[in-house]
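Undergrad: Single-letter residue listing:
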Amino acid sequence: MDSHTVAAQTAEAAHTEHEHPAFLRHHFASVEQQRETATFGMWLFLLTEIMFFGGLFCAYLIFRNWYYPAFVDGSHSLHIWAGTLNTTLLIVSSFTMAMGVHASETRMRKALVGWCIATIILGCGFLCVKAYEWHDEWVEHHVPGLNFSPEGFMKVNPDYPADKPLQLDMAEKTQVYFSLYFAMTGMHALHMIIGVSLLTILTIRAWGGAYTSGHVAPVENFGLYWHFVDIVWIFLFPLLYLISRHQ
Amino acid sequence: MSTIVILPDQTTATLPKVSYLNKEYGLKSWLLTGDHKRIAVLYMISITFFFFIGGAMAGLIRLELLTPPSDLLAADTYNKVFTAHGIIMVFLFLVPSVPATIGNFLIPIMVGAKDLAFPKINLLSWYLYVVAGIMILCVLSFGGVDTGWTFTTPLSTHYLNTHVVAAGLAVFVAGFSSIFTGLNFIVTIHRMRAPGMTWFRLPLFVWSHYAASILMVLGTPVLAITLVLVVLERTIGIGVFDPTKGGDPLLFQHLFWFYSHPAVYIMILPGMGVISEVISTFSRKRVFGYTAVAFSSVAIAVFGFFVWAHHMFVMGISSYSALVFSLLTMLVAVPSAIKIFNWSATLYKGSITFETPMLYAFGFLGLFTIGGLTGVFLGSMGMDIHLTETYFIVAHFHFVMVGGMLMAYLSGVHFWWPKITGRMYPEGVSKLAAVITFVGFILTFFPQFLLGYLGMPRRYAAYPPEFQVLNVFSSAGASVLGVGYLLPLLYLTWSLKYGKIAGPNPWQATGLEWQIQSPPLTENFVETPIVTHEAYDYEWLESKKGSEVPTVG
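Line by line, the protein sequences give chains A and B.
Residue 247 is where the first sequence ends in the numbering used here, and the numbering goes up by one at each step.
Residue 1553 is where the second sequence ends in the numbering used here, and the numbering goes up by one at each step.
Treat the hints loosely; a few may be bogus.
Partial pick of chain A residues on the chain B-facing surface, computed with a CB cut under 8 Å [to be verified]:
#1 T37
#2 F45
#3 F52
#4 F182
These aren't lab readings, by the way, just hints derived from the structure by calculation.
Heads up, the beta-carbon is just placed ideally off N, CA and C, and yes, glycines get one too.
Starting from the given sequences, assemble the full structure and let the hints guide the process.
TA: Structure, rendered in structure tokens:
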């Protein structure tokens, strides 16, 4: 091989290196810049989400201090087993999502699709358990505004026989607890529904091989969103279910 | 009067063959565009539309207040009109005004990028704005809403029979439009800067947009969740803000003002960015104390988050927290004053010329200073208890928002009009418009300070006859102001076809945006610029011109 062909080949190799992959948007200089930018945008979006839920957590903090006995009794009326089951479902779904990101990075198409489907199933499982709980609260007349009745809190809760029944004025304040409970779990469930819908689209595209040829950013950023929604639940679970367990 | 305008020879000058305006044709190429410049133009058209609707509402308010009794409008109609004026002007005009139009157009160019980081999200932001706008128009056509723009509970949740839910959801949607704009700006400024464009080489326009974007991103979600709670309270009756169920209406106030106080800085900071650019260009000097002005923007953004309760001094917060919030409020005056003093120092010994953008900028300096100082009056508790809910407040925030932000917006629109359209606006009539706006503004809003101090409450359709003289002054001023705003609409539209061809850099300004053709190419730069000079470096501009070979023919 004479030096001319080597030079020509090197030039050609350099040229193919400059060839942009199809997913590189025209306004980015490199794939790394595009990936970093997308991830940075996602983190910033999650920051806005923290502020969004922050308003609710702030309200929870204030009202818990004001109406402490009502919040304890309200918390005692929830099913800890359901909350624990849901927490488990979500933590496992975070694991499957993380494995999905890994599959995308290691370019394994079928594994990616499999992990995504597992995540979707776990997410739907969470929503089903949540729907069951909401139905249960409806039956018990715990939905503020629609069918709320404080009577249940003026009797001794059989699961917590040491609790004293609440006086009427404090029993009515459990309505604030349930207002926040429904607003917080409702907003969280809305995020789950959006997440499951986005993940479905992502899975269909992943089936076509869109994310197993180096274009990891969409899966990675969706993963961040999914973990964030999990983390919100990780705060909701103790605040709504566990915090008054031993009171 | 001296001038620095350098236009190409109009007999031979042509607009560039290819630009972002004529690269593609057809409605679809606009409605599905990812180009930040086209989205900026879309935004400019839509906010102008809503500005004139909001302005018409203001006209109705001033007409009603011409006479003491409630005669032109019934009291409940009056409530709906001032609510529409507030919601449209705040959420559909002031918040997106400079950032979504001029900022959208310029930030990528100023940092040396081809586009914003997320072009599709940018387009989504415009669509959300349009959806919010249509929702507000529907609310208005189906009978309006009369909560005031503040949606105060329990009034909004329990006592009104108007379209509160639809209006609240519209503001929710508009909020996400604003969040996406802010998010796009922050990511672009962090990740898309050209080689050599360090943080302290960025134009101050970019710094002030960065600060405003922080507020948009951190504040707006709190408004969103607050409105969700209001809507839930009104529709299904949850009890977070309802005292009969154990909720707390004051909590609504806290959450609402946690956004809505920073929102006034979302509205004013981008305007301050415009003023920095304009004052530097038309006094041919680097902005005095560049670093101080840059950091004062960030300081305003940070302090802005810790002063919200000064809207609630008379609403039953403890006197200790009122004391703290009063002190913190005084603190915000410091970075604002730093800006004013630095701009004045930039003017000192500069070669000042009086083009239209500069006239508007002078208007801004005077009116914003009055608006800001009366804000200090209101931040001190004793004065606030006397003046709150009077026309003094109305005058104060109109001095900041209209005298400040709208002046800055018009200044920016004139300043960058040659860049956006490639053509000059007519200088003579636009100077006249700037002066008319200033005179009309003073005539409209200065009497309101006096009215408020004398005790005329805001938000009433009727008032005692002894206030009539000042109200007539104010209404007369409003009609002058209306002329001042209609004129630019007319002559700027006229200039699209008949304006003189501007050339790339009519003002001899230093920003990166002035070093490219007007109107710019879709990808802004032919090749990625490498930045080697500071912002506002007029010597660099001179040396650059010196080495250019003048072309013939």
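Undergrad: Each hint: holds or not?
TA: Taking the hints in turn, this is what the structure says about them:
With its C-beta approaching chain B no nearer than about 4 Å, T37(A) sits inside the 8 Å limit, and its interface hint holds. Checking F45(A) against chain B: minimum C-beta separation of about 6 Å stays under 8 Å; hint holds. Given the 8 Å rule on beta carbons, the hint for F52(A) holds: about 4 Å separates it from the nearest Cβ of chain B. For F182(A), the interface hint holds, since its Cβ comes within 8 Å of a Cβ in chain B; the closest pair sits about 6 Å apart.
Checked against the numbered hints given earlier, this structure breaks none of them.
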